[in-house]
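The lines below spell out each chain.
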Amino acid sequence: MRKTIFSHTTGSHQSCDDVFHTPRVQLRPFDPLTLQFLNQLSVCLLADKRHNRNPEIVSLGFWLRKSNVDQFHKENMHWLDHKGYTVTALGPVFHVAPSNVDTIFLYSATVSLLMGNTNVVRLSSDLSPSVQFIISCINHILALPENEILRPYLSFISYGHEDEISTYFSSEAQGRVIWGGDQTVLHFKSLKSGPALRDIIFPNRVSHSLIKAKSFLDADDEAKALAAKNFFNDAYVFDQLGCSSPRVIFVYGTIAEKESFIPAFYKELDKITKTRYTSEASALSIVKFNHLVDDLMDIPVRNITKDDNTIYLIETDTMPVSVDNCVGGYFYLRHISSLEELSAELPLSTQTLSYFGLQETDLKSLQEATSRKRIDRIVPMGQSLSFHYLWDGMNLFEQLSRKRAII
Amino acid sequence: MKLMDAELFLNAPQYSLQAEEKKKLLLEHLTSLHEHHLIHSEGYKKICAGLFPGHIKALKDIPYLPVSVFKNHELKSIPESEVFKVLTSSGTTGSVPSKIYLDKGTAQMQTRALSNIMQYVLGRERLPMLIVDTIGIIKNRTSYSARAAGVLGLSVFGKSHFYLLNESMEPDLEGLQVFLEAHKGKPLLIFGFTFMVWQYLYEVVPACDLSGSILIHSGGWKKLTDKAVDNDVFKLRLKEKFNISKSYNFYGMVEQVGSVFLECEHGFLHAPNFADVLIRSPFDFHVLPHGEEGIIQVISILPYSYPGFSLLTEDLGTIHGEDNCSCGRKGKYFKVSGRMKKAELRGCSDTFTLTH
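Going down the list, the sequences are from chains A and B. Here our numbering runs 173 ahead of the position in the first sequence, where the first position is 1. Here our numbering runs 2 ahead of the position in the second sequence, where the first position is 1.
Okay, chain A solo, but in the shape it has when bound:
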């Protein structure tokens, strides 16, 4: 293969042949060397004063902490440590990160590394400052003498839209992790690859929120503010465009409760967006305004709650067919008086349903009511964006490893 790529690890261009390495030592799943490396990386990420206020970096730093990784290990012990088989690495894994780089691909790469796979991660050549910082930390930690064995396991590379190179890496790999949504997934699937290649794909997904109106209304000021803050983190951190950012808010309760809930919720959310939301207001304000004007002509809008251009709460008479244009704080609002109604409204597939104010019994009823729907995550409000190794209905540790039967 004569083509070259840019390596963020060496900081130079190199031949594609030199990217996937056969390591001198094969790491085992949850190898102590890997655990040590991840913990060092966590310390490095959290130590930097300039970056440790960035929520993306802080989340990643905490996720990589030893205690957290040990917890994953424990949770997966039941199948990792099994009499009938041994778990081994899958082999070389080719990762495709989304072009508008968000740090999510680092989590799947970490899972893959933990299973002992060698990894080549393709990044957009235009790295965001957070990703640049993370890569520099990784390079720094990998350079430590005790991590020599790990060096062949992680390569971050960039190249243009050159299918020849993508095809080459796909043919060298045993597994592919493809972020970037439908179009990217379909594109990579259309490339020639080995018949045994295992694809772990992340197509477009959407997410919603469920709020029990009475719980919110009955909450004290502090709890209301916290709920709003949690919702803000879920919705606004990626300008509502994460696959787990909420688009429709289901307000669960009586009509009277819903009526009091809307202004009360708006008020709390407004307080937090006023201090915390820093996105380019001017560009997004027009996008949201255009969307609203289209909606007024196309769908039955019952009520609009907005003041400035930061929060648009659009109550509709029917569940909107498309939620694709919900961006930067444009939420549809649907009133439901029972969880069965919620189930009827939900599309077949929802990635994350984040909730507020549900009691244990409500959660059970929710599970029952939505048993026919593909909901991959049900999480408390505020945790929508927290990456979990159970993602899009898969246990990524299992997806990125093999089970060797020994009979």
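Residues on chain A that point at chain B, a partial pick, calculated with CB under 8 Å:
{"id": "1", "residue": "A456"}
{"id": "2", "residue": "I459"}
{"id": "3", "residue": "F462"}
{"id": "4", "residue": "D467"}
{"id": "5", "residue": "M470"}
{"id": "6", "residue": "V474"}
{"id": "7", "residue": "D481"}
Dumping the calculated EDC-like pairs for lysine to aspartate or glutamate here, alpha-carbon to alpha-carbon at most 20 Å:
{"id": "8", "chain 1": "B", "residue 1": "K62", "chain 2": "A", "residue 2": "D480"}
{"id": "9", "chain 1": "A", "residue 1": "K247", "chain 2": "A", "residue 2": "E571"}
{"id": "10", "chain 1": "B", "residue 1": "K48", "chain 2": "A", "residue 2": "D467"}
{"id": "11", "chain 1": "B", "residue 1": "K48", "chain 2": "A", "residue 2": "E488"}
{"id": "12", "chain 1": "B", "residue 1": "K47", "chain 2": "A", "residue 2": "D471"}
{"id": "13", "chain 1": "B", "residue 1": "K101", "chain 2": "B", "residue 2": "E76"}
{"id": "14", "chain 1": "A", "residue 1": "K479", "chain 2": "B", "residue 2": "D286"}
{"id": "15", "chain 1": "A", "residue 1": "K385", "chain 2": "A", "residue 2": "E432"}
{"id": "16", "chain 1": "B", "residue 1": "K73", "chain 2": "A", "residue 2": "D471"}
{"id": "17", "chain 1": "B", "residue 1": "K73", "chain 2": "A", "residue 2": "D497"}
{"id": "18", "chain 1": "A", "residue 1": "K444", "chain 2": "B", "residue 2": "D286"}
{"id": "19", "chain 1": "B", "residue 1": "K73", "chain 2": "A", "residue 2": "D467"}
{"id": "20", "chain 1": "B", "residue 1": "K101", "chain 2": "A", "residue 2": "D467"}
{"id": "21", "chain 1": "B", "residue 1": "K47", "chain 2": "A", "residue 2": "D490"}
{"id": "22", "chain 1": "B", "residue 1": "K48", "chain 2": "A", "residue 2": "D490"}
{"id": "23", "chain 1": "B", "residue 1": "K343", "chain 2": "B", "residue 2": "E295"}
{"id": "24", "chain 1": "B", "residue 1": "K101", "chain 2": "A", "residue 2": "D471"}
{"id": "25", "chain 1": "A", "residue 1": "K447", "chain 2": "B", "residue 2": "D286"}
{"id": "26", "chain 1": "B", "residue 1": "K141", "chain 2": "B", "residue 2": "E172"}
{"id": "27", "chain 1": "B", "residue 1": "K343", "chain 2": "A", "residue 2": "D299"}
{"id": "28", "chain 1": "A", "residue 1": "K440", "chain 2": "B", "residue 2": "D286"}
{"id": "29", "chain 1": "B", "residue 1": "K343", "chain 2": "A", "residue 2": "D481"}
I should point out that these hints are in silico values taken from the structure, not numbers from a laboratory. Ideal placement from N, C-alpha and C gives every residue a C-beta, glycine not left out.
The hints should help you fit chain B onto chain A, whose structure is shown.
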């Protein structure tokens, strides 16, 4: 529409109305336009019911639609049988073009409005006209692109038209030589889209003396910002190379008939009698005082056949004053600072595209 009212705006010499009187006349006229569209456009009615339920007491209360609204919806306030022509916006590659429906009356008023403005700078005499475009774009006469509409609209103000580009968009330098020879020593009217004037006239045509000629150009600076060319550089270079000292930029859009904001000798765009601008805050759309940059809202009394008399653009600009520009024209004068920045959005999907 009560044509008498429109006459008032169109017949008076342009840039003559003073603030107080203009405000009163515009408000009266726009309120009746608003009512007309409420009755005849279902879409307009729905938008107003949802977003602008209040009473109109001042210009700032007049509902405004986003320019993009004509992309996804067919909005008109006349029966299909009265559609006289349909304008389409140029649109960037891949985007849906706007469709603007004109009846005969609205189209006529557009012509008169443009002619009023042009006479202000050109006088009554028609000059030999050099058009920096190709005749190809005006050959299809049922639907017009913004560029074609501009060329067609302006061409009536000149005579002996010469199109600089052939139908393969290549400059016809030999033809130009013949044209210049024929009108030697006489001032010309030159018209074209800003980036085309730069790309095909400035960058290609050898230096020559076109002193006394008047250049009118429009279409935005987006393609020229890459080359670090702004209005000042543009004027300077054309003066250096062709000795053209009268260069007028104009701001307008196919979505709003009558929005013809022509630059004055001091570099400001001016609102004619029949049009106006407001600047709104991107944060909450409240009207900003003069001197502050915000989103440009354009207002025109002419759109009768479709509800486009008040539009929120996607351009940023600043009003510098009203009635007191040193050029002597009355009305608000302003500058456009460019398109609003597109949001750089992140997320899990690569393929998200904004709806504008």
